[in-house]
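**Student:** So the protein sequences, as listed, match chains A and B.
Residue numbering for the first sequence follows this note's numbering, beginning at 603 and increasing consecutively.
Residue numbering for the second sequence follows this note's numbering, beginning at 301 and increasing consecutively.
Rather than coming from a laboratory, the hints here were simulated on the basis of the structure.
Do not take every clue at face value.
[What the hints assert, rightly or not] Here are the computed lysine-lysine pairs in the DSS-like style, where the Cα-Cα straight-line distance is at most 25 Å:
| id | chain 1 | residue 1 | chain 2 | residue 2 |
| --- | --- | --- | --- | --- |
| 1 | B | K441 | B | K303 |
| 2 | A | K696 | B | K521 |
| 3 | B | K543 | B | K583 |
| 4 | A | K683 | B | K399 |
| 5 | B | K515 | B | K441 |
| 6 | B | K661 | A | K696 |
| 7 | B | K656 | A | K696 |
| 8 | A | K696 | A | K683 |
| 9 | B | K661 | A | K732 |
| 10 | A | K614 | A | K732 |
| 11 | B | K528 | B | K438 |
| 12 | B | K528 | A | K696 |
| 13 | B | K578 | A | K612 |
| 14 | B | K427 | B | K441 |
| 15 | B | K399 | B | K488 |
| 16 | B | K514 | B | K438 |
| 17 | B | K656 | A | K683 |
| 18 | B | K583 | A | K614 |
| 19 | A | K614 | B | K578 |
| 20 | A | K612 | B | K583 |
| 21 | B | K429 | B | K479 |
| 22 | B | K303 | B | K656 |
| 23 | B | K528 | B | K518 |
| 24 | B | K661 | A | K683 |
Just so you know, these numbers come straight off a predicted model, no measurement behind them.
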Amino acid sequence: MDKPNQNEFKPKIVGFLCNWCTYAAADLAGSSKMEIDSALTVIRVMCSSRVDPNLILTIYFNGADGILIAGCHPGDCHYGKGNYFTRRRYAQMKQVFETLNLDPGRLQLSWISAAEGNRYAEVVNAFTEKITALGPNPINQSSLF
Amino acid sequence: MSKMLTTDHGADKSVVDLLRFLLDTEKVSGVLTLRKTNTSGSLDYGLLTRSQELDRAVPLMPVMPANAAQSLSLITPTQKPIAVVVKPCELRGFVERIKREQGSLDNVLTLSPTCGGVIPLDTYIKKSKDNLTKDYYKQVKAGEIPESIRPTCKACEYFVPMTADITVSVVGEQNLDSKCRFILNSDKAVSMTEGFGSVENGDLDAKILDDHLKKREKEKKALFESIKFKQDGLDGMIDVFGKCIGCHGCSRVCPICYCLLCDFESRNFDQNVSLFEKELEQKGALRLPPDTLFFHLGRMSHMSFSCVGCGQCTDVCPADIPVASVFKKIGENTAALFDYVPGKDVNEDIPVLVFKEEEFKELGE
Numbered sequence: 603m604d605k606p607n608q609n610e611f612k613p614k615i616v617g618f619l620c621n622w623c624t625y626a627a628a629d630l631a632g633s634s635k636m637e638i639d640s641a642l643t644v645i646r647v648m649c650s651s652r653v654d655p656n657l658i659l660t661i662y663f664n665g666a667d668g669i670l671i672a673g674c675h676p677g678d679c680h681y682g683k684g685n686y687f688t689r690r691r692y693a694q695m696k697q698v699f700e701t702l703n704l705d706p707g708r709l710q711l712s713w714i715s716a717a718e719g720n721r722y723a724e725v726v727n728a729f730t731e732k733i734t735a736l737g738p739n740p741i742n743q744s745s746l747f
Numbered sequence: 301m302s303k304m305l306t307t308d309h310g311a312d313k314s315v316v317d318l319l320r321f322l323l324d325t326e327k328v329s330g331v332l333t334l335r336k337t338n339t340s341g342s343l344d345y346g347l348l349t350r351s352q353e354l355d356r357a358v359p360l361m362p363v364m365p366a367n368a369a370q371s372l373s374l375i376t377p378t379q380k381p382i383a384v385v386v387k388p389c390e391l392r393g394f395v396e397r398i399k400r401e402q403g404s405l406d407n408v409l410t411l412s413p414t415c416g417g418v419i420p421l422d423t424y425i426k427k428s429k430d431n432l433t434k435d436y437y438k439q440v441k442a443g444e445i446p447e448s449i450r451p452t453c454k455a456c457e458y459f460v461p462m463t464a465d466i467t468v469s470v471v472g473e474q475n476l477d478s479k480c481r482f483i484l485n486s487d488k489a490v491s492m493t494e495g496f497g498s499v500e501n502g503d504l505d506a507k508i509l510d511d512h513l514k515k516r517e518k519e520k521k522a523l524f525e526s527i528k529f530k531q532d533g534l535d536g537m538i539d540v541f542g543k544c545i546g547c548h549g550c551s552r553v554c555p556i557c558y559c560l561l562c563d564f565e566s567r568n569f570d571q572n573v574s575l576f577e578k579e580l581e582q583k584g585a586l587r588l589p590p591d592t593l594f595f596h597l598g599r600m601s602h603m604s605f606s607c608v609g610c611g612q613c614t615d616v617c618p619a620d621i622p623v624a625s626v627f628k629k630i631g632e633n634t635a636a637l638f639d640y641v642p643g644k645d646v647n648e649d650i651p652v653l654v655f656k657e658e659e660f661k662e663l664g665e
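Given only the sequences and the hints, what does the whole structure look like? Please build it.
**Tutor:** Structure representation (structure tokens):
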């Protein structure tokens with residue numbers, strides 16, 4: 603096996619996955635033996651709307667390079683309308699990051715249904731690629747934060 | 301056309317007279333107003349139930365010892381009718397609190413001036429009060445923005461109360477010392493003031509207010525430019541919030557932050573030594589107290605869309621951080637996402653409790 607290059611930046615990404623859709627999609631992608639980048643650490647939540655802004659910020663300030671929130675497609679929420687609230691909260695959070703110019707690209711919201719194992723692998727790999735290009739979270743480089 | 305009530309006394313006296321009238325005729329059983337605490341001129345809010353207590357009242361004093369929205373939550377819902385004299389942003393703050401089930405406008409008659417702005421408490425306490433208010437009113441009467449007021453007040457475009465029962469015309473009133481105009485915006489206002497004076501048709505002077513609004517908008521632009529939002533990202537944040545000592549005073553005085561136990565003061569933020577060790581290993585240094593920038597970003601992402609820009613947070617900050625100016629900017633952007641104006645309509649829900657199916661289609665990659 604090739605020894606990984608020491609200088610190469612390997613991002614750390616945290617994903618909040620909805621139990622009913624995206625988490626099942628992750629399972630499906632795994633059991634279908636799709637290639638999924640190992641940068642993503644998964645946290646299972648019962649609904650994407652459970653992800654409070656403070657959870658995102660906790661992870662951001664603890665140095666994650668990217669944060670993914672993924673749930674059912676709008677209209678398909680297991681609980682009826684949870685993901686509509688997720689969407690509003692995310693829009694607000696992203697706006698705060700944009701106004702302060704804090705790399706809003708490090709946040710991503712994705713809709714992935716339980717049947718979309720393919721799409722799960724694509725989204726995770728594409729997001730990892732994007733974060734790798736963005737580089738490390740500046741939080742990690744300064745003790746002032 | 302609204303109904304208007306005119307008196308032949310100065311604004312301050314007229315408002316006190318009206319409050320006295322309401323108490324004496326038992327139309328209300330109490331009034332909430334600013335009053336003088338002692339002869340040296342310190343102020344507080346008082347809920348007064350006897351009309352002789354009104355001798356101390358200075359309802360229109362341009363000072364905010366506390367955001368009255370918080371005080372109103374303490375005394376409402378009320379079974380007995382009360383009248384309150386609050387500033388437009390305090391009223392808006394209270395409306396935001398009502399949406400969060402922290403009070404009620406039932407049995408409350410609201411009086412609010414067209415607001416010339418508020419003098420920072422610090423300035424008010426330290427400087428000669430007579431000169432300060434004299435200069436203030438000179439500029440307010442001329443429809444100018446007083447120099448002494450809070451930076452966020454200078455930049456405030458909502459100086460005309462949105463939901464007040466009675467609006468007291470102050471901004472741009474040349475004859476403020478000898479005349480006072482009350483605009484009666486609701487049926488309740490008309491019936492409550494019946495017998496106090498003659499009512500005719502009339503309204504605020506739109507031209508004067510428009511001109512004043514243009515000046516405020518100009519100030520707002522300058523205020524936002526003075527804080528470098530876009531340039532530096534995290535470094536910029538450290539420039540602004542690096543001085544924070546973590547006292548959480550800004551959230552304590554905030555009319556919107558009503559939570560009895562703020563997440564940032566809960567066990568969730570009890571510090572864990574192992575976390576520090578990890579951070580030290582990674583960065584070689586640790587900022588103490590920790591989580592100060594986190595705290596401000598957390599507040600922004602929780603309640604900025606409801607920020608009424610009262611400026612109380614900047615006023616109390618011991619480290620002179622322009623908290624309110626930053627929140628005003630952030631709040632404007634987050635509220636705009638949902639076409640939301642905080643404090644405009646008490647029947648509207650706060651944006652995170654409702655949604656439309658056909659919005660933000662572009663989100664979700």
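**Student:** Determine for every hint whether it applies to the structure shown.
**Tutor:** Verification of the supplied hints:
With a C-alpha separation of about 23 Å, the suggested pair K441/B and K303/B falls inside the 25 Å cut-off, and the hint holds. A distance of roughly 23 Å separates the Cα atoms of K696/A and K521/B; the hinted pair therefore holds under the 25 Å criterion. Annotation: proposed proximity of K543/B to K583/B holds, straight-line Cα distance about 20 Å (limit 25 Å). For the hint linking K683/A to K399/B, the alpha-carbon distance of about 21 Å falls within 25 Å, and the restraint holds.
Restraint check: the Cα-Cα separation between K515/B and K441/B comes to about 14 Å, which is no more than 25 Å; the hinted pair holds. For the suggested pair K661/B and K696/A, the alpha carbons sit about 15 Å apart, so the restraint of at most 25 Å is met. Taking the CA atoms of K656/B and K696/A, the gap is about 18 Å. The hint holds against a cut of 25 Å. Note on K696/A and K683/A: the hinted pairing holds, with a Cα-Cα distance of about 20 Å set against a maximum of 25 Å.
Taking the CA atoms of K661/B and K732/A, the gap is about 22 Å. The hint holds against a cut of 25 Å. Pair hint K614/A plus K732/A holds up; C-alpha atoms about 12 Å apart against a cutoff of 25 Å. Between the alpha carbons of K528/B and K438/B the distance comes to roughly 33 Å, so the proposed pair goes past 25 Å and is violated. Taking the CA atoms of K528/B and K696/A, the gap is near 18 Å; set against the 25 Å cutoff, the hint holds.
Proximity of K578/B to K612/A is assessed by CA-CA distance (about 18 Å); at most 25 Å being required, the pair is judged to hold. For the suggested pair K427/B and K441/B, the alpha carbons sit about 21 Å apart, so the restraint of at most 25 Å is met. Proximity of K399/B to K488/B is assessed by CA-CA distance (about 22 Å); at most 25 Å being required, the pair is judged to hold. Of the pairs offered as hints, the one joining K514/B and K438/B holds, with about 19 Å between alpha carbons and a cut-off of 25 Å not exceeded.
Distance restraint check for K656/B and K683/A: the Cα-Cα separation of roughly 10 Å lies within the 25 Å cut-off, and the hinted pair is therefore satisfied. Restraint check for K583/B and K614/A: satisfied, since their Cα atoms lie roughly 16 Å apart, inside the 25 Å limit. As the CA atoms of K614/A and K578/B are separated by approximately 15 Å, the hinted pair is consistent with the 25 Å bound. Under the criterion of a C-alpha separation no larger than 25 Å, the hint pairing K612/A with K583/B is consistent with the structure, at around 18 Å.
Of the pairs offered as hints, the one joining K429/B and K479/B holds, with about 23 Å between alpha carbons and a cut-off of 25 Å not exceeded. At roughly 38 Å between alpha-carbon atoms, K303/B and K656/B are farther apart than 25 Å, so this suggested pair is violated. As the CA atoms of K528/B and K518/B are separated by approximately 17 Å, the hinted pair is consistent with the 25 Å bound. With a CA separation close to 15 Å, the supplied pair K661/B and K683/A stays within the 25 Å bound.
Figure legend: structure checked against the earlier numbered hints; hints not met, in rising order: 11 and 22.
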